[in-house]
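So you can see what is in the structure, the chains are spelled out below.
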Amino acid sequence: MKNIIVCLMPGATFDKPTAGLLAAARGLQPQLTIIVPGIVSDDTTAALAGQADNVICASDDGLDEYQPEIVLGVLQSVCSDLNPDIVLLSNDTYSQEIAPRLAGRLGGVSAGDAQSLSLDGDNLRITRSVYGGKAIATVELRATPAVVWVRAHSFAGLDAKDAPGTIEQRSITVEGDAAKHLGATNIVERHAESSGEVRLEDAAVIVSGGRGLGGPEPFEQLKDLADAMKAQQAASRAACDAGWVPPHWQVGQTGKKVAPELYVAIAISGASQHLMGIADAKVITAINTDADAPIFKHCQFGLVEDYKAVVGPLTEKLKTLLS
Amino acid sequence: MKILVCLKQILDPDIPPRDFAIDRDNRRAARGSANLVTNIFCENALETALQLREKAEGEITALTFGPSSAEDVLRKALALKADHACLVEDEAGEYRNSATTALVLAAAIRKLGEFDLIMVGREAGDWGAGQTGGLLAEQLGLPSVSFVDSIEATADGVTLRRQTELGWEKVEATTPLVVTITNNDENVPRIPKTRDIMMSARKPVTNWKLSDIDVTCDDITAAGTALEVVDLAIPEKTTECEFIEGDSIDEKIDAFAKRLASIVQSA
Ligand SMILES: Cc1cc2nc3c(=O)[nH]c(=O)nc-3n(C[C@H](O)[C@H](O)[C@H](O)COP(=O)(O)OP(=O)(O)OC[C@H]3O[C@@H](n4cnc5c(N)ncnc54)[C@H](O)[C@@H]3O)c2cc1C
Ligand SMILES: Nc1ncnc2c1ncn2[C@@H]1O[C@H](COP(=O)(O)O)[C@@H](O)[C@H]1O
Chain A
1 MKNIIVCLMP
11 GATFDKPTAG
21 LLAAARGLQP
31 QLTIIVPGIV
41 SDDTTAALAG
51 QADNVICASD
61 DGLDEYQPEI
71 VLGVLQSVCS
81 DLNPDIVLLS
91 NDTYSQEIAP
101 RLAGRLGGVS
111 AGDAQSLSLD
121 GDNLRITRSV
131 YGGKAIATVE
141 LRATPAVVWV
151 RAHSFAGLDA
161 KDAPGTIEQR
171 SITVEGDAAK
181 HLGATNIVER
191 HAESSGEVRL
201 EDAAVIVSGG
211 RGLGGPEPFE
221 QLKDLADAMK
231 AQQAASRAAC
241 DAGWVPPHWQ
251 VGQTGKKVAP
261 ELYVAIAISG
271 ASQHLMGIAD
281 AKVITAINTD
291 ADAPIFKHCQ
301 FGLVEDYKAV
311 VGPLTEKLKT
321 LLS
Chain B
1 MKILVCLKQI
11 LDPDIPPRDF
21 AIDRDNRRAA
31 RGSANLVTNI
41 FCENALETAL
51 QLREKAEGEI
61 TALTFGPSSA
71 EDVLRKALAL
81 KADHACLVED
91 EAGEYRNSAT
101 TALVLAAAIR
111 KLGEFDLIMV
121 GREAGDWGAG
131 QTGGLLAEQL
141 GLPSVSFVDS
151 IEATADGVTL
161 RRQTELGWEK
171 VEATTPLVVT
181 ITNNDENVPR
191 IPKTRDIMMS
201 ARKPVTNWKL
211 SDIDVTCDDI
221 TAAGTALEVV
231 DLAIPEKTTE
241 CEFIEGDSID
251 EKIDAFAKRL
261 ASIVQSA
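If you're matching them up, the sequences are chains A and B in order.
The numbering of the first sequence is our numbering, which starts it at 1 and goes up by one.
The numbering of the second sequence is our numbering, which starts it at 1 and goes up by one.
Chain A extracted, bound-state conformation (with noise of 0.2 Å):
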């Protein structure tokens, strides 16, 4: 037996992406211990106990929200005291920032963006899009711990254990090594924004726009649309380089990786690192002038046309059939 720890983020809440992370986990094994650094409220910590045997609540005096060498200093002391083979996160910013510097710390071993995990004998394996999009390896980690996060929002959740686990309150001073960076680097503010009410990750439907937009008014224009479809809106790298909109827009291998009913390209070209992000899409449609563009080969259906003769056309059509 594998002795498997999740690590989770101050703040966290039992969602779509911790289920996915513990559903991953219980894939491995049934047996896990859940570490949740910081302040969270009961319901949370009552509905991971049904999903492990154990959680440990581990809190520093300071650690309310999320600060990355208060956050390492008390994983990195609470993973030292229960010496885990393998570790594994979530997708968001702070577990991909903290997971190669846990296993730096814990003397392992570590890697991101798993799309699933498997053990072969003795070792954590696990499957990531590398090039772009245009391969997949299997990668094997043999050193111990293993500190992976895992594409989170891909794993369907497991239905809560017949006996939850234990819940511990750990009050953990982060001293000596492990407090080596206390203070360095402090965060001040924090901004959510967002494209619409709901996160992109989550959203049912979206619209989202490339550099054959030209520049940002059209953005406006696709809001239109995405308004009558009740949709979000994304974008291409292209388009957030270009600053035409904010960078939390983007879609693709080093931004959202989205799983909605419905995916409307307009105007992007479908590049490798663009569709990683939309791999989980049920339906993917595209607007492009070009019958070539490789969006249209992960296309149920697509219209080769100038988003200029279309948007407005489509949208009214669309406000009428949908109202």
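Keep in mind that the hints were calculated from the coordinates and are not lab data.
None of the values given here were measured: they were computed from a predicted structure.
Note that CB positions come from ideal geometry on N, CA and C, so glycine has one too.
There may be inaccurate statements among the hints.
[What the hints assert, rightly or not] Here are some, though not all, of the chain A residues that point toward chain B, as calculated from beta-carbon distances under 10 Å:
id: 1; residue: Glu69
id: 2; residue: Tyr94
id: 3; residue: Leu102
id: 4; residue: Lys180
id: 5; residue: His181
id: 6; residue: Ala204
id: 7; residue: Cys240
id: 8; residue: Ser272
id: 9; residue: Ala279
id: 10; residue: Ala286
id: 11; residue: Leu318
With chain A fixed as given, assemble chain B with the ligands onto it according to the hints.
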């Protein structure tokens, strides 16, 4: 401010999938006719460093670990006016995992001297590991911040803006510090001038072997086997696209709208 930027040379990530092939025995991409280029996030990092140097005085050192061909990424950095460049040559010329790379980069950085800021890309466009920055911070015993997209120097350190999945955060940090850089509209890499490209060919590049930075074969082997690619494959995916037809554009839009509406209604 003394800045070190780590740059990785990779196979051009923009090659179309039909030109992409795998060297299955060695579990890596076949070179084929693809160019070798600087990883885009490393270019974003260099651009961020150049902008920082324009505002706060300083020096930029470019560092790469790779086969001799990796000198090209350093020449390009020199053309963009990096002050110094260092190549740690990997005679085996293989893909190295992040653990090995972090070990080598850390050894090279220790030999190069003291730096206030060590900048790496958020991930390399070939293997997309995204691990080197964090591992390097631990190797060097430094704090780190990831997904940074702009940096300002302050009296006693730096103020960073970094991206999160919901927006952004402002981070105050002391130096020395490791940061991983992501893209935004302000760090789109500048293009070197032809004249500067020519001048860069004559600038010196420090060329080290692994033995010069006291990294042994055993170190490399240990880090290399800790994380191994056991299989590499090209995913099969073909969706037959039905192009919406119609006698007029209006008819096409009509048909398209109906298809969209029916999916939205059941979503
Ligand atoms: C390491 C790495 C990570 C990356 N991560 C991401 C990522 O997360 N997300 C991402 O999106 N990209 C990512 N990229 C970039 C990616 O490779 C592409 O460069 C990018 O996706 C291209 O964006 P685009 O499709 O909007 O632009 P283009 O490729 O320029 O395509 C524009 C399209 O618009 C069409 N068009 C032009 N005019 C019109 C018109 N009037 N009407 C209709 N169609 C029109 C054109 O036919 C073309 O197909 C990454 C690249 C690297 C190397
Ligand atoms: N061989 C290398 N030489 C120099 N820098 C590297 C090398 N490999 C990785 N890096 C740095 O680490 C970043 C992230 O790479 P990775 O962790 O491999 O995805 C890159 O953007 C580079 O800045």
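Here is how each hint holds up against the structure:
1. Interface hint at Glu69 of chain A: satisfied, since its Cβ lies 6 Å from the closest Cβ of chain B, which is below the 10 Å cut-off.
2. Here the hint on Tyr94 of chain A is kept, as its CB sits about 8 Å from the closest CB of chain B, short of 10 Å.
3. This hint holds: Leu102 of chain A has a C-beta 8 Å from the nearest C-beta of chain B, less than the 10 Å allowed.
4. Given the 10 Å rule on beta carbons, the hint for Lys180 of chain A holds: about 7 Å separates it from the nearest Cβ of chain B.
5. Below 10 Å, beta-carbon pairs count as interface contacts, and His181 of chain A has one with chain B at about 4 Å; its hint therefore holds.
6. Below 10 Å, beta-carbon pairs count as interface contacts, and Ala204 of chain A has one with chain B at about 4 Å; its hint therefore holds.
7. At about 7 Å, the closest approach between the beta carbon of Cys240 of chain A and any beta carbon in chain B falls short of 10 Å, and the interface hint on this residue holds.
8. For Ser272 of chain A, the shortest C-beta to C-beta distance to chain B is roughly 6 Å, which falls under 10 Å, so the interface hint holds.
9. At its closest, the beta carbon of Ala279 of chain A sits 9 Å from a beta carbon of chain B; the interface hint therefore holds under the 10 Å criterion.
10. Contact between Ala286 of chain A and chain B, as hinted, is supported at the beta carbon level, the nearest pair being about 8 Å apart and thus within 10 Å.
11. Checking Leu318 of chain A against chain B: minimum C-beta separation of about 5 Å stays under 10 Å; hint holds.
Consistency note: the structure conflicts with none of the earlier hints.
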